[in-house]
Amino acid sequence: MSVVLETKGLTKAFGGLVAVDDVSFQLQKGELLALIGPNGAGKSTCFNMLMGQLPPTSGEVFLGGERINGLSPRQIWRRGVGRTFQITATYSSMTVIENVQMALLSHHGDVFKFLPFAHKLYREEAMALLDMVGMAEQADRHCAVLAYGDLKRMELSIALAHDPQLLLMDEPTAGMAPKERVALMELTARIVEDRGVSVLFTEHDMDVVFAHSHRIMVLNRGALIAEGDASEIRNSPLVQEVYLGGGTLFDAEEDAHA
Amino acid sequence: MEFFVAQLLTGLANASSLFLVACGLSLIFGVTRIVNFAHGSLYMLGAYIGYTLMQNLPGAVGFWGSILLAGIAVGIIGVLVEVLVLRPVYRAPELFQLVATFGVILVIQDLTLIIWGPEDLLGPRAPGLRGVYRIMGEPIPKYDIVLLVITPFIALALWYLITQTRVGVLVRAATQDREMVGALGVNQAVLFTGVFALGSALAGLGGALQLPKGGADLLMDFHILAPVFVVVVIGGMGSLPGAYLAAVIISVLNVFGVTYLPQSTLVLMFVVMVVVLMIRPYGLFGREEVAGEHGQVGEPELPIKPASNSVRMIVMAGLALLALLPVFGSSFAMVLTTDILIFCLFAASLHFLLGLGGLVSFGHAAYYGGGAYIAALLVTHANSPMEIAFLLAPLGAGLAALAIGWVCLRLTGVYFAMLTLAFAQLLWSLVFQWGSVTGGDDGLVNIWPSDWLNSTTAYFYFALLFSVGGILVLRHVAHSPFGYALRAARDSKRQAESTGINTQKVQLLAFGFAGFMGGLAGTLFVFSKGSVFPNELEIARSFDALIVVFLGGVKTLAGGVAGAAFFKGVEDLLTRFEYWRLVMGLLIIFVVIVAPQGIVGSIRKAAIRLNILKQGGQT
Amino acid sequence: MLEVENVNSFYGKAHVLRDLTLSVPHGNVVALLGRNGAGKTTTMKSIMQLVRPASGSILFNGNSIANLPPHKIAKLGVGYVPEERRIFTDLTVSENLLVGKQPPREGAVTWTEAMLFDLFPNLAERRSNRGKALSGGEQQMLTIARTLMGNPSFILLDEPSEGVAPVIVEQMAKVIQQLKSEGLTVLLSEQNLHFAQAVADLAVIIESGAQVYSGTLKELNAQPEIRDAYLAA
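Protein chains in written order, with our numbering: chain C, 1 to 258; chain G, 1001 to 1619; chain R, 2001 to 2233.
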């Protein structure tokens, strides 16, 4: 296995507040790695540093062995990192397929062309991407009328448009129904397998985390406090104390996913 | 030193009215999200009403009573405006209401003219405050001292109202999320009307208070508008301490400017504003504007698609008809049509920015007038032939737009709009005050086209070719990858940036492109009229374009052109009457209320309802 | 207490609620369940008239509240806790509570700031902090406290557990149980079935904007096929 993403001593301080404190981890090729933790634990800050939206105070980020901290989000995207958002970010005035075509136009370096009709470019490629997430039949619908789950799937196909080696997904199932959550994560897992993509995701829904991640990291007050597979995390007293609570609300989990 | 202090005190006294008016505007904007262009008109009404009252009420009690009563009267007028004009359009897309307030400006202008006549009125002196006080040996008018003493108290009273009372808490809460305030049991309509009344009353008070210093005239509505916007923006939208500080800064600077650098007075405050916004993008005490935070996101725009063959046929037929105009039309019809065509191109260039880019420029006249002036300057000072001017003027306008856009695009929303306005005003002041080169108020004349275009018919065809050509190019670019990227940057900057689209660069280029097209319109204009005056760079000219784009329909591709053609035509008809502004203002308000999606948008909606048009796309 | 009958609501062009019918008996906590996009939030907003239903009737204590403006509905004793929290981030915690304050109401608890700080001790320490300085969990508490300041007899609680750490969710469950014991009627929309089970008596499941199940939570537990079809994995 090869390492796709690696951080060494990643730290971010806002004034006196250390939001992310000396976080080091590795993400292997083809791995689904979950990052969990209570609100304010530093998950978003961590993500924003990986995507280039925030410069780290100290520490380093490597993508495929290359140092990428200091690069802009656009440069990091060009190096093969795709992302999806906690709250969907879509072009609401466009059709579904045009949303995907836009990412392809950018990928092929066509953004500053004034002559061709945009809606005719890369249509087949976009259709193939939509087909992969099961959205092909909705390609020509106005994306503003889509159901939320469909928007999330569309966003996933946008994130895959430039054939990334790494996907960063920020709470991919937030705001979805349990059944849709499972479907989306199964789809993601299948894509991970088929395309050899690696995924790092944050998530609040423990059902999703326990069922779909290969490995879980727990962040609390900016620091990694635990790492392991589902059962290790579930049984860690430290994690229970700071995040999972007494577990009264999760007793039924086992049978729900049996 | 003595002189310095005297200047300072005069500045502080002048800040009084400015602060009151700016405060009102800031409050109204904060709660209702309406950029009230009519605020200057309310200020003007305060002055006129105060004047009439002072004529009838004797003595010191009468004088100060008149000021108070003028404030109250304008507050009541504000309530009327809010209830009759604005309340019906609160649910319209953001910024649409400003078009309605522009209608109000026109109506109030003519009503004032009808009631008080065209002569400037000299404000009465305050009884008992006629002389001067000697401060460090320098004479300071007593009235100035009174003003600068009472203003901080008014400011404190307002500050107390806003920060320490429940009403103030509600106002601040509504500034952030008015729908939620309603859901918690607060009657929003009452709150809105109340805030509008208070804001209007402050404007009226400001107008009446400055009577002994400035009197009343019919131009004071537009004259106060620019400084007031500057003050509100420098201070930070919605901040009272900010408004006070900014009013003081601007007024004091202005007094010193008059003394030391008299040519700079008009430019000075805009320079200050640009500098402040470069350092603090949301003003001194403002907070970041987050788009869509106020629960006022309109219906999503429909996807665009290229014109169908039948639409193309209709457009071709229309163009053919226009091309035949010289055969059956008079030369007057040709001149009018040329005007309309040029204005359509100007509006289409703004629509490109505003509609596709979501970049609301309040100062698009900078490029239109800029193009016109560059062409005129080339002809006047370099004797360049028309053809060269036609090449260089739009390019120059485009370059100016790139430079201005580079600065403005650091900001968003209302601050962006205000900064574009500031730059347009800066250009206007430059042209106005640099008389030796630009001719100042006298403009530049004798700018005629080359011989081969020197007939009305020939120039008509030339203008037809270039305006229609320009409009078609703008439309085509909308369908190109660049046009899509521009919409992508508007719809979701987050997604665009994280899929490798340099939104800043896309928007900047769009700004330059729109400036180029605006400049082309201006160049066509200057050669059709043979002259150019500073009013082509005025706020009013920028507003013209803004209004037709909104009334035509921002969210439709054809909106800009349709609105321009309709309103330019109507304006030509109306200007033959004495009180045309009244009619025009009422017409604008009428369209705003019955067709909140703009003319094209509303026609399309009606057509969809009647099943004439298929749902789902726009052309 | 609340009767929703044959309500149809649209969001733009999308038909979100289709002949939705549900009722909330006095003194109960009713869980409104269903997948995302099923129309839970639109149901809440339709009751509050923040989304205007195209047809149907909504009765509160026997009186029609359809077509009333939201502030009048709030004045009748309906409290609304939105999913997105929507606290006033520039106002302090105390000022947020002041916005929600309404005169006492017969048959409902009259809340004071002090009582709410007892209920949510975390907020007491932060009373002078601005809303934006609060954590997600604290914001969720504040939005509930703010609504309680209006002394409602009935509250609409839209997905209070969404995006909140499990520890806070447990705390929230205790609060709802306490409110219920004081006689408050609650319509709670939820995706977290475990949370609903901890606090609610009755459940209504909606799917594509229409009711597909109504009964007690106990009965629902005995019918895993319904649960599986519309809710869990």
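Think of the hints as simulated: they come from the structure by calculation, not from any bench.
Do not take every clue at face value.
Claimed, not checked - Simulated pairs of lysine-lysine, DSS-like, Cα-Cα distance not exceeding 30 Å:
| hint | chain 1 | residue 1 | chain 2 | residue 2 |
| --- | --- | --- | --- | --- |
| 1 | C | K113 | G | K1505 |
| 2 | G | K1213 | C | K113 |
| 3 | G | K1493 | C | K120 |
| 4 | G | K1529 | G | K1493 |
| 5 | C | K120 | G | K1305 |
| 6 | C | K179 | R | K2174 |
| 7 | G | K1493 | C | K113 |
| 8 | C | K120 | G | K1605 |
Claimed, not checked - To spell it out: a stretch of chain C is covered by chain G in this simulated footprint if at least three of its residues, at any positions, have a beta carbon under 8 Å from a beta carbon of chain G; those stretches are:
| hint | stretch |
| --- | --- |
| 9 | 74 to 80 |
| 10 | 88 to 101 |
| 11 | 105 to 112 |
| 12 | 117 to 127 |
Note that the Cβ used here is the ideal one computed from N, Cα and C, for glycine as well.
Quick rundown of the hints versus the structure:
1. C:K113 - G:K1505: Given that 30 Å is the threshold and the Cα spacing comes to 13 Å, the pair holds.
2. G:K1213 - C:K113: violated (58 Å)
3. G:K1493 - C:K120: holds (23 Å)
4. G:K1529 - G:K1493: Measuring from Cα to Cα gives roughly 42 Å; hence the hint is violated.
5. C:K120 - G:K1305: Distance of about 11 Å is within 30 Å: holds.
6. C:K179 - R:K2174: The given pair, whose Cα atoms are some 27 Å apart, holds under the 30 Å limit.
7. G:K1493 - C:K113: Cα-Cα ~19 Å, so holds.
8. C:K120 - G:K1605: Status holds; Cα separation ~27 Å.
9. 74 to 80: That given contact holds, which follows from 3 residues of the stretch 74 to 80 of chain C lying within Cβ reach (below 8 Å) of chain G.
10. 88 to 101: n = 9 at 8 Å, threshold three: holds.
11. 105 to 112: Three-residue rule met by the stretch 105 to 112 of chain C, so holds; n is 6.
12. 117 to 127: Check passed, 4 qualifying residues.
Violation of the numbered hints given earlier is confined to hints 2, 4; the remaining hints are satisfied by the structure.
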